[in-house]
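Chains as they are written, first to last, in our numbering: chain W, 1 to 111; chain U, 112 to 226.
These aren't lab readings, by the way, just hints derived from the structure by calculation. Just so we're clear, the structure is a prediction, and the values are computed from it rather than from any experiment. Backbone N, C-alpha and C define an ideal beta-carbon position, used for all residues, glycine too. Take the hints with a grain of salt, since some may be wrong.
Here are some chain W residues pointing at chain U (derived, C-beta under 8 Å) [unchecked claim]: (1) T5; (2) C12; (3) P21; (4) I39; (5) H40; (6) Y46; (7) H49; (8) G50; (9) T56; (10) Y97; (11) F101; (12) G102; (13) K108; (14) V109.
Residues on chain W that point at chain U, a partial pick, calculated with CB under 8 Å [to be verified]: (15) P7; (16) G43; (17) S94; (18) T96; (19) Y99.
The calculated lysine to any residue pairs, modelled on SDA-like cross-linking and capped at a C-alpha distance of 25 Å, are [said to hold, decoys possible]: (20) U:K152 - W:T96; (21) W:K52 - W:T72; (22) U:K155 - W:R91; (23) W:K108 - U:G151; (24) U:K162 - W:V109; (25) U:K152 - U:P192; (26) U:K126 - U:D141; (27) U:K162 - U:A113; (28) U:K162 - U:E194; (29) U:K155 - W:A13; (30) U:K162 - W:Y32; (31) U:K189 - W:V109; (32) U:K155 - U:R133; (33) U:K162 - U:P119; (34) U:K126 - U:Q191; (35) U:K155 - W:T5; (36) U:K155 - W:S70; (37) W:K52 - W:R81; (38) U:K152 - W:K52; (39) U:K152 - W:L92; (40) U:K162 - U:T213.
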Amino acid sequence: DAKTTQPTSMDCAEGRAANLPCNHSTISGNEYVYWYRQIHSQGPQYIIHGLKNNETNEMASLIITEDRKSSTLILPHATLRDTAVYYCIVRLLSGTYKYIFGTGTRLKVLA
Amino acid sequence: EAGVTQFPSHSVIEKGQTVTLRCDPISGHDNLYWYRRVMGKEIKFLLHFVKESKQDESGMPNNRFLAERTGGTYSTLKVQPAELEDSGVYFCASSLLQGKGTEAFFGQGTRLTVV
């Protein structure tokens, strides 16, 4: 079972920041938080991942709380092309490294 | 750099037939994964190869599914005989798993329809 909880859906105005929350209260100290998205029927697309420090790349920022029980993915200036299902995944980087997908958040960016 | 490539993109077969899906990972990626999403369900892990060895096949649904990765390059997933409940989208992913190369990159998937 997925170790994360996300809202089912969210709307965001185009050009505004999209803040997608994720709860992972049972995360272990050696588990990372990964974010992927799936646009329409394409394959999941990697966005960002982190362990305990905040991370930023060209796509997004990841804010992880100090207790690591929750995180927020931030798309700084959402566009219509960011409309997708966003998955927050807790992943152990040992053993099989498999991802356990949940139901994700369906983000709709509105014009 | 080419991404993960999957063939075919779509396949429609009759119940009882055999289908083979192929995945070409990103060059140099030793780790290869298969996932699938069946109708209305979440994306589920099937198995993980490290080079040509099966590291974890705990997600394989039954013995009608056979995955191979001869030579540690491309991989095939054969379903024989196919059943109606096998319909869905099958994704392949690959990763380096060294340092910052831990993220897996997914292919576009193969949509399998069993009729």
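For each hint, the structure was consulted:
no.	hint	in the structure
1	T5	violated (13 Å)
2	C12	violated (23 Å)
3	P21	violated (19 Å)
4	I39	violated (11 Å)
5	H40	violated (11 Å)
6	Y46	holds (5 Å)
7	H49	holds (6 Å)
8	G50	violated (11 Å)
9	T56	violated (14 Å)
10	Y97	holds (6 Å)
11	F101	holds (4 Å)
12	G102	holds (6 Å)
13	K108	violated (20 Å)
14	V109	violated (22 Å)
15	P7	violated (16 Å)
16	G43	holds (4 Å)
17	S94	violated (10 Å)
18	T96	holds (4 Å)
19	Y99	holds (7 Å)
20	U:K152 - W:T96	holds (22 Å)
21	W:K52 - W:T72	holds (12 Å)
22	U:K155 - W:R91	holds (14 Å)
23	W:K108 - U:G151	holds (19 Å)
24	U:K162 - W:V109	violated (40 Å)
25	U:K152 - U:P192	holds (22 Å)
26	U:K126 - U:D141	violated (34 Å)
27	U:K162 - U:A113	holds (19 Å)
28	U:K162 - U:E194	violated (29 Å)
29	U:K155 - W:A13	violated (32 Å)
30	U:K162 - W:Y32	holds (24 Å)
31	U:K189 - W:V109	violated (39 Å)
32	U:K155 - U:R133	holds (18 Å)
33	U:K162 - U:P119	holds (22 Å)
34	U:K126 - U:Q191	holds (10 Å)
35	U:K155 - W:T5	holds (17 Å)
36	U:K155 - W:S70	holds (23 Å)
37	W:K52 - W:R81	violated (29 Å)
38	U:K152 - W:K52	violated (30 Å)
39	U:K152 - W:L92	holds (23 Å)
40	U:K162 - U:T213	holds (15 Å)
Hint violations for this structure: numbers 1, 2, 3, 4, 5, 8, 9, 13, 14, 15, 17, 24, 26, 28, 29, 31, 37 and 38, all remaining hints satisfied.
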